[in-house]
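Could you put the whole structure together from the sequences, leaning on the hints where they help?
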Amino acid sequence: MAGGTARSGRRATSADVAREAGVSRSTVSFVLNGTKGQTIPEPTRQRVLEAAARLRYAPSAEARTLSRGRSDVVLLYQPPQLPMTADMGALVEFLAAEFAEAGLTAVTHPWSRKPDGDVLTAITPVAVIAWDLPDDAVTAMRHNGVRAVISLTAESDPVAQWIWGTRENGIARLQVERLLSAGHRRLGYARPHDARLAEASEMRLKALRQACAAHGLPAPVAVSIPGDGEGARPAADAVAAWRELVPAVTGVCAHDDVAALSVLAGLREHGLAAPADLAVIGAGDSPAARLAVPPLTMVAVDMLVTARHLVAAVTSLLDGRPVPAGPEVTQVIERHSV
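Residues in the sequence shown are numbered from 1 upward in steps of one, following full-length UniProt numbering.
There's no promise every hint is true.
[Claimed, not checked] 20 Å max Cα-Cα, derived SDA-like pairs, lysine to any residue: (1) Lys206 to Arg233; (2) Lys206 to Gln161; (3) Lys206 to Gly165; (4) Lys206 to His193; (5) Lys206 to Arg173; (6) Lys206 to Ala154.
The hints are simulated quantities; they were obtained by calculation from the structure and are not laboratory data.
Below, the structure is given as structure tokens:
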């Protein structure tokens with residue numbers, strides 16, 4: 001029965017493991033599911049584990065759901081309106097690993113604001129993390145047995161409050177304070193031209209305005225910066241607009257690495273450079289930021305710590321406990337553009 005099947009072409013079952021180990025199916029279930037309150041002799045437990053390994057047996061999702069009384073799947077709805085950035089990709093990767101450590105399985109699926117009943121029925125998630133959930137979507141999910149729902153744009157959601165409070169405000173605060181420490185008091189905001197990032201850029205602009213006000217600075221001058229593929233000329237126009245103001249903008253908070261790189265390209269079109277002619281600080285720390293000329297000073301977001309907090313929030317909700325306070329996840333990465 002080697003090779004993962006009890007007979008040729010058939011997937012091994014718990015009954016096969018029980019026969020191989022010489023124990024009952026209930027003992028197999030207790031051992032493989034780590035059932036608490038059961039006293040299984042260590043030799044028996046090892047025999048079951050060795051039999052399962054030989055047969056390459058893993059409990060099906062349905063079996064795990066029955067044994068635990070709930071699914072172990074956490075559905076991550078990937079918003080199609082947000083591009084898959086390096087930070088987003090890292091977050092999804094870390095979430096998968098951290099949920100696995102917690103005994104849960106992360107599954108990523110596109111989201112279009114319309115509850116996909118077929119998806120919920122097919123994988124029966126115990127929890128859902130999504131970018132933006134309307135009330136009817138939350139109702140539909142709970143009706144389908146989802147026990148923990150996190151909407152990252154809902155004002156009442158404690159995780160959303162952390163992302164747009166501690167995390168987003170932290171990015172804005174560090175950007176403003178770093179430019180201020182270098183002597184810049186008239187700031188600009190390079191916001192992404194990508195319509196998919198409109199909501200996120202509005203939230204960042206709000207945070208930047210608050211950070212500037214806290215230091216007695218005027219509100220940042222926001223200019224849309226086309227991203228890669230649109231050429232440097234539009235970015236050069238943005239640089240010219242900032243420099244023509246009285247007083248001129250001397251330091252720019254870029255929304256992300258793409259916006260920061262675009263500002264550098266705009267400077268080059270005028271024969272200018274950062275930081276001598278215009279200081280630039282971005283957010284997120286992709287390899288492109290490190291390879292820029294000059295290397296970009298960035299506010300990095302620790303995606304591993306972010307993932308661990310999201311996992312802690314989900315497990316707390318599943319256990320009926322309050323969501324823990326969110327950690328600080330931002331820091332300035334010093335380079336040469338400020």
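Okay, the hints, checked on the actual structure:
no.	hint	in the structure
1	Lys206 to Arg233	violated (27 Å)
2	Lys206 to Gln161	holds (14 Å)
3	Lys206 to Gly165	holds (11 Å)
4	Lys206 to His193	holds (17 Å)
5	Lys206 to Arg173	holds (11 Å)
6	Lys206 to Ala154	holds (16 Å)
Hint check: a violation occurs at hint 1 only; the rest are consistent with the structure.
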